[in-house]
Amino acid sequence: MSSTVEEVAGATEATPVARLRGVHIGFGAPGRERPVVRGVELDLVPGRVTALVGESGSGKSLTTLALMGLLPGGARVSAGSVEIDGQDTAGFTDAQWRRLRGPKIAMVFQDPMAALNPSFTVGWQVAETFRRHQGVSHRTARARTIELMRTVGIPDAEHKYHSYPHEFSGGMRQRAMIAMALALEPEVLLADEPTTALDVTVQAQILRLLTTRQAEARMAMLLVSHDLGVVARVAQHVAVMYAGRIVEAGTLDEVYTTPAHPYTRGLLDAMPDPGRPGRLVPIEGQPPAPGHLPAGCAFAPRCRFATEVCRTDDPATLPVPGRGTSTGHVAACHHSARILGTEPEARS
Amino acid sequence: MGAFVAKRLGQAVIVAWGALTLVFIIVRVVPGDPAKLILGPDASADQLKHVRSDFGLDHPLWRQYLEHLGGVLHGDLGDSWRLGGSALGDTLERFPATLTLSLVALVLTILLGFPLGMLCARRPGKVLDLLVSTGSLVGQAVPSFWLGIVLILLFARELGWLPATADGSLAGVLLPAFTLALPFIGWLARLVRNGALEEGAKDYVRTARAKGVPEGLVQYVHVGRNIAVPVVTVLGLLMGNFIANAVIIEVVFSWPGIGSLMVDAITNRDYAVVEAAVLTMTVSYIALNLLVDVVYFALDPRLTPENA
Amino acid sequence: MTAITVPAEGAAARAKTGGRRVPVRVWVGAGVLALFVLAALVGPLLWPYDPVATHLADRLLAPGGRTATGSIAWLGTDQVGRDLFANLLAGARITLLVAGATVVVGGAVGLVVGLVSGYFGGPLDTVLSRVGDVQLAFPSILLAILLAGVLGPSITNIVITLAITRWVIFARIVRASAMSTRRLEYVDSARVLGCGHLRILVRHVLPSCWQPLLVAATVQVGLVMVAEASLSFLGLGVPVDTASWGATVSIGRDYLGSAWWISTVPAAALALVVTAVGVVGDGFRDLSDPRSQI
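Line by line, the protein sequences give chains A, B and C. According to my numbering, the first sequence is numbered sequentially starting from 1. According to my numbering, the second sequence is numbered sequentially starting from 1. According to my numbering, the third sequence is numbered sequentially starting from 1.
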């Protein structure tokens with residue numbers, strides 16, 4: 001299974017800086033864990049924004065945290081490998097991880113208010129990255145921080161350096177978080193729902209800031225989002241997650257125009273589209289709770305294409321039929337061919 | 001900040017005045033005839049009269065109260081009939097000893113309680129955590145006067161490591177200070193543990209780790225700073241408690257502080273000294289509460305004079 | 001539909017609270033307390049303690065030692081040959097008496113003050129609250145020493161002293177629940193219907209105050225026990241001819257090197273009982289705290 005994806009994804013692209021290969025993440029004692037993420041394959045390539053799309057609880061955030069080595073207590077990578085710079089991180093010590101976090105890989109979190117320490121000034125928190133990794137003096141770290149705060153669009157950075165998080169607006173806090181993440185010019189930037197907690201008016205600015213910086217520095221970026229509109233504006237590649245699996249992945253264009261998995265179809269049909277006015281079609285039912293997965297395909301209970309085989313066999317991730325292996329468009333569905341041939345659900 | 005301090009200062013002065021009045025009522029009104037109290041039941045009418053005029057006890061109560069208030073404002077709480085000198089002077093002379101004892105106890109509490117709490121938070125529900133939580137429960141139930149006696153027996157008599165009473169050395173203060181601190185070490189550790197567990201689950205901890213900050217610094221700088229606010233508040237109250245609880249410890253260890261002076265004065269019915277001692281301790285207690293408020297305000301950047 | 005589900009949920013919740021397991025340590029604590037109460041009530045009848053008796057032949061016997069009369073002193077004897085077991089039982093009676101009386105007196109005063117100030121509010125509440133503030137600004141041990149010193153040693157005086165240092169705590173707790181009850185709708189409607197203040201207080205406000213008051217009382221029992229022992233240790237508590245754990249510890253100080261048991265026996269008993277009170281108090285609070293039931 002993994003070899004298929006490697007062939008299709010690796011052939012035409014630059015070498016990934018970070019990749020997940022068949023990663024399983026589970027909670028609980030070894031051997032008896034409840035699987036939450038199941039066999040995720042993901043390549044993060046320099047200069048490319050990959051979007052990870054799915055409902056909350058689908059395992060997006062855990063997948064992202066696994067890339068940072070920051071899985072919450074009780075969760076662990078139970079199978080597969082997290083590779084950064086071609087190095088398997090399994091068995092990494094705390095110190096080895098620390099050397100990666102900041103200069104190699106950095107992260108922007110969802111809620112900047114909670115993600116900033118309320119008791120320290122914003123400047124101090126940004127400068128800490130310089131002090132820990134570059135061993136520079138407070139003065140140098142301060143100068144670099146102020147410069148950095150300017151480049152992420154924080155006005156009056158000299159003064160704002162000494163402000164506390166609660167004195168910042170939501171957008172400014174997220175800019176500060178971005179500054180913190182960009183401080184050491186990482187090769188991989190992870191952004192977990194970076195605009196969800198922000199005002200709609202600010203969301204566009206923050207997205208523009210992220211993409212501009214990503215393009216300038218040719219970073220590999222992973223954008224976690226549940227908002228297909230945001231994804232369409234920012235990403236070049238999309239991976240759709242459902243119940244811990246990546247059910248479909250490919251270029252933005254392919255996945256959006258010719259979805260090969262019924263869940264992706266459903267998500268797109270549920271998205272307002274000015275080009276296709278009409279009633280939105282929601283996906284019926286609820287995703288399964290982790291640890292209570294149905295036999296066969298996890299999406300089968302909600303799927304209008306489901307047949308007997310879907311309830312017994314979990315489909316493998318395979319290249320989407322009729323497109324050849326070179327495009328890298330893959331899906332995990334027994335009925336991809338049927339779905340590609342079907343018109344979108346009737347809109348009246 | 002200034003307005004906030006002024007407001008709290010005003011409240012503290014009112015509370016101190018209330019305490020002063022309360023002490024006056026207890027010492028001058030409750031016992032009936034203070035002169036009889038001073039001289040004991042066998043005093044002659046002549047002696048009683050003499051004492052009454054000496055202490056102004058023949059005046060009506062309201063006048064005594066006003067004179068007393070005036071005296072306090074001038075730092076005059078009357079003379080000790082036993083020691084002869086000014087009661088306040090005698091008391092203040094022994095205040096540094098009590099303060100030293102309480103401060104050392106406070107330092108011991110912080111030095112042992114804080115890291116212990118952080119260690120417990122690292123592995124909640126494990127052996128150390130259970131040990132500390134049981135220890136704090138028992139530690140607060142064991143009477144401090146007996147604990148002091150046991151420590152004297154163990155460290156001074158049996159092992160001979162530390163002196164049992166004040167000899168002016170640092171070692172001399174260790175045993176009484178430890179006795180004073182012990183019940184509160186486990187208590188502080190519990191407080192720090194709960195705070196660290198609560199704060200440790202917050203997002204900013206993950207941010208710090210994502211920056212590559214070493215775990216020790218994450219705990220002691222990022223988490224530590226956030227639990228410092230409640231802990232500092234509690235430390236101020238603890239210091240006030242130590243000054244008050246020192247009374248018993250000072251008696252056990254014959255420590256020359258205000259507490260032993262006060263108990264001595266009570267048994268000898270030297271009420272001017274009793275009043276001076278109680279007032280000194282109460283005022284320092286109130287002052288510490290004030291200090292806590294101010295420090296709290298200074299430590300938490302989110303507080304403004306309006307919402308403090 | 002809702003009419004069916006709501007009572008069902010309520011019944012389930014009740015069943016859950018009713019079936020909540022009381023932790024083992026709470027049972028152990030309750031057992032220790034029961035033993036303590038039994039010892040305090042019955043013990044002195046079976047093993048009478050004579051505070052003025054002296055048996056010089058039996059002085060400073062170690063625990064388990066045989067006295068001149070052939071009986072065994074299980075906990076040893078003191079410096080004049082009095083049996084420490086009998087002393088312990090007599091001391092338990094004093095401890096129980098003082099702690100019980102103090103909490104009842106202090107609790108009653110606090111209840112009345114708290115009800116009046118929480119229910120009526122207004123200037124009376126302001127005055128009573130300020131008095132409470134002033135008293136809380138006082139370290140309670142200082143107030144106790146001062147009062148006990150002025151009043152002189154007697155059991156009544158020590159109860160008065162300790163009740164005075166405790167009433168504020170009770171008053172605060174009762175005031176808080178009285179205030180929150182006062183604002184409830186059914187109390188308003190009772191007032192509109194013409195119920196008198198006394199009736200509303202007794203029928204509507206008082207029932208909501210019992211539970212927090214009882215939880216506070218268990219905590220205070222432990223504190224009062226330690227306070228009584230401390231005062232007696234300083235010689236300001238019970239009269240010299242009365243057995244008290246604190247006083248016995250004080251006597252034992254002079255014999256530490258030769259007879260450690262004199263101080264240790266009553267101190268250990270006190271620590272055990274106070275710990276048991278703490279454990280039971282915690283369990284009691286957990287059971288009655290609606291938040292911990294979720």
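Source of the hints: derived by calculation from the structure; they are not laboratory data. All values derive from a computational prediction rather than experimental measurement. Be a bit skeptical, because a hint or two may be false.
Each computed DSS-like pair below joins lysine-lysine, with the alpha-carbon atoms no more than 27 Å apart [what the hints assert, rightly or not]:
#	chain 1	residue 1	chain 2	residue 2
1	B	K126	A	K160
2	B	K202	A	K104
3	B	K202	B	K126
Selected chain B positions facing chain C (Cβ under 10 Å, derived; list incomplete) [as the list claims (entries may be wrong)]:
#	residue
4	G10
5	P60
6	I110
7	L137
8	F145
9	L217
10	Q219
11	N241
12	T267
Even for Gly, the Cβ is constructed at its ideal location relative to N, Cα and C.
Hints versus structure:
1. The hinted pair formed by K126(B) and K160(A) fails the criterion: a straight-line CA distance of about 44 Å is larger than 27 Å.
2. Among the hinted pairs, K202(B) with K104(A) is consistent with the structure: their alpha-carbon atoms are about 24 Å apart, no more than 27 Å.
3. Only pairs whose Cα atoms come within 27 Å are accepted, and K202(B) paired with K126(B) is accepted, the gap being roughly 22 Å.
4. At about 13 Å, the closest approach between the beta carbon of G10(B) and any beta carbon in chain C exceeds 10 Å, and the interface hint on this residue is violated.
5. Taken as an interface hint, P60(B) does not check out: its beta carbon lies about 21 Å from the nearest beta carbon of chain C, beyond 10 Å.
6. At its closest, the beta carbon of I110(B) sits 20 Å from a beta carbon of chain C; the interface hint therefore is violated under the 10 Å criterion.
7. With a cut of 10 Å, the hint placing L137(B) at the interface with chain C holds, because the nearest CB-to-CB distance is about 6 Å.
8. About 5 Å separates the beta-carbon of F145(B) from the nearest beta-carbon of chain C, less than 10 Å, and the hint is met.
9. Residue-level restraint check for L217(B) is violated (minimum Cβ-Cβ distance to chain C is 35 Å; threshold 10 Å).
10. About 28 Å separates the beta-carbon of Q219(B) from the nearest beta-carbon of chain C, more than 10 Å, and the hint is not met.
11. Annotation: interface hint on N241(B) holds; nearest CB of chain C at approximately 7 Å, less than 10 Å.
12. Below 10 Å, beta-carbon pairs count as interface contacts, and T267(B) has one with chain C at about 7 Å; its hint therefore holds.
Of the numbered hints listed earlier, those contradicted by the structure are 1, 4, 5, 6, 9, 10.
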